[in-house]
Amino acid sequence: MTAIQRLMSVICRMSQRGRLFRLLNIILMLVATGTAQAAVPPPSDSVATWFEAFKREASDEELYRFLYAMPKGGDLHNHLSGSILSEWFFDLALAQGERGYHYYTRVKINNCRAFGGNAFVENPYLLLFTNIQESAYTALSACEKEEYLPLNELNVNQKDAWLDSLRLDKAHEGREEFFQTHWQRMGDLYLNPYLAADALVRNMQAFGAEGLMYMESMIGVLGFIDAEGQQISPDDVADIYRSRLRDEDALATGVEVRLQVTILRFLPTAEDDLRYLYDFVSRHNDVFVAVNMVGREDNDKGYPLRFLDTLRDLRRSYNNVRLSIHAGEVDEPNSHVRDTLLLGADRIGHGVNLISDPDTMRLMRSGPYLVEINLVSNLLLQYVNDYSEHPFPEYLRTGIPVALSTDDRGMWDSNLTDEFFVAVKAFNLSWEELLLLSRNSIAHGFLPEPTKARLLTRFATRIDDFARQIAARPSAALSPEAQSYGFICDRYQLCEW
Numbered sequence: 005m006t007a008i009q010r011l012m013s014v015i016c017r018m019s020q021r022g023r024l025f026r027l028l029n030i031i032l033m034l035v036a037t038g039t040a041q042a043a044v045p046p047p048s049d050s051v052a053t054w055f056e057a058f059k060r061e062a063s064d065e066e067l068y069r070f071l072y073a074m075p076k077g078g079d080l081h082n083h084l085s086g087s088i089l090s091e092w093f094f095d096l097a098l099a100q101g102e103r104g105y106h107y108y109t110r111v112k113i114n115n116c117r118a119f120g121g122n123a124f125v126e127n128p129y130l131l132l133f134t135n136i137q138e139s140a141y142t143a144l145s146a147c148e149k150e151e152y153l154p155l156n157e158l159n160v161n162q163k164d165a166w167l168d169s170l171r172l173d174k175a176h177e178g179r180e181e182f183f184q185t186h187w188q189r190m191g192d193l194y195l196n197p198y199l200a201a202d203a204l205v206r207n208m209q210a211f212g213a214e215g216l217m218y219m220e221s222m223i224g225v226l227g228f229i230d231a232e233g234q235q236i237s238p239d240d241v242a243d244i245y246r247s248r249l250r251d252e253d254a255l256a257t258g259v260e261v262r263l264q265v266t267i268l269r270f271l272p273t274a275e276d277d278l279r280y281l282y283d284f285v286s287r288h289n290d291v292f293v294a295v296n297m298v299g300r301e302d303n304d305k306g307y308p309l310r311f312l313d314t315l316r317d318l319r320r321s322y323n324n325v326r327l328s329i330h331a332g333e334v335d336e337p338n339s340h341v342r343d344t345l346l347l348g349a350d351r352i353g354h355g356v357n358l359i360s361d362p363d364t365m366r367l368m369r370s371g372p373y374l375v376e377i378n379l380v381s382n383l384l385l386q387y388v389n390d391y392s393e394h395p396f397p398e399y400l401r402t403g404i405p406v407a408l409s410t411d412d413r414g415m416w417d418s419n420l421t422d423e424f425f426v427a428v429k430a431f432n433l434s435w436e437e438l439l440l441l442s443r444n445s446i447a448h449g450f451l452p453e454p455t456k457a458r459l460l461t462r463f464a465t466r467i468d469d470f471a472r473q474i475a476a477r478p479s480a481a482l483s484p485e486a487q488s489y490g491f492i493c494d495r496y497q498l499c500e501w
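In the working numbering, the protein residues as written are 5 to 501.
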């Protein structure tokens, strides 16, 4: 440690909050002569020492700005359909008019349908702000047409309610609201592959602004429709994504992207879907890299071992499809994480109840399997009542590979910085732990080894550059453009500044 760095460390420890950066900058200005070595990154132990002092002295806003500016690795657990901020969804939906897609949303209920007998309604009727495209609207009865308005004709109050309907932002909302209404309301909006591809780029732009380098996004490829309501083949959907990712604005983000396809694990057709999508990923392996089983794990029709024989059979023919499967996202202790590893999964999504299976925890210590941690999601969906119950620090500090991810950031109204902020505040993460989380999120990505090595090298370079900023002028490491959203505003009063 140089004399300047030792002096910075002392000042960090002695400064009162609010004076920290001003004092550091004064000292640096005074010594910024030939003896200063700002161009040389401080040793990692010096950054680690500085960060410990910074955590003690900094305000929540300063910590958030720092974490927003900090280079980050990847987001490995990201559902595209749930990662579209409400405002983005609204704007993207209106913009689809250029492609002939026009959308309507239900603003009132006229009780047009008669219920009884064996009537089955797949999309709940008694639900406001469900969204349909024009081809579906024209097929409605006159009574039902009166329930809907074109999306571009909503008044201010209706638009605000529409935006709120796609967020989990109220105290009484939780798991049931999320699983039983959010996706149903989305309706036809997400069945437009052009809208979905544009939304992917919007996420790339926002993630790139907060320092992200890599993203694996989970999407569907089945059931997409054109403006006339006709099916678009999965192969054509793949081409739409592939083409959009080559556009200049996507490349300008600097964010590397790979895609996973998803199956609903509890459907009666899940095995057939798994076979089809395994083949699909294998054929489109330049962009699509994995299959993921999603859906409520507390629906026992989707238990992991249901798929063991199917996956063993598929592995006889396919050598280029990876698995990252939701497991352990339940309240009860069970063996789902262990069973999911037996299926061949390389990564576990959530893994909240892994803590209840000590044998599997021992198996995963310092092993090849990573747990994708979603702190905001687990709180809002009430898998933990508060962060003191979350097993994340136990996994991290017993050597189980973990990485932070966003899950359904659009519905949480959050970003990846929120996950890091919560982790630092709740679990007192060290500098080395922050770096480990980012390295893990690249090292466990489903990427070709040369691409993975390139991203790890790029991350190391960016972290070194960030360390130079800290050494040269600590206040420069606080992003002046940090973007906060509803979650961090409501929970920590870090609203737009």
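Hints were generated in silico from the structure; no laboratory data involved.
Hints may be right or wrong, so weigh each one.
Below 25 Å or equal to it, Euclidean Cα-Cα: the simulated DSS-like pairs (lysine-lysine) are [to be verified]: (1) 174 x 429; (2) 112 x 149; (3) 149 x 163.
Hints versus structure:
A hinted pair counts as satisfied when its Cα atoms are at most 25 Å apart, and residue 174 with residue 429 qualifies at roughly 23 Å. A distance of roughly 10 Å separates the Cα atoms of residue 112 and residue 149; the hinted pair therefore holds under the 25 Å criterion. Our distance criterion of 25 Å between C-alpha atoms is met by residue 149 and residue 163, whose separation comes to about 19 Å.
Taken one by one, the earlier hints all hold for this structure without exception.
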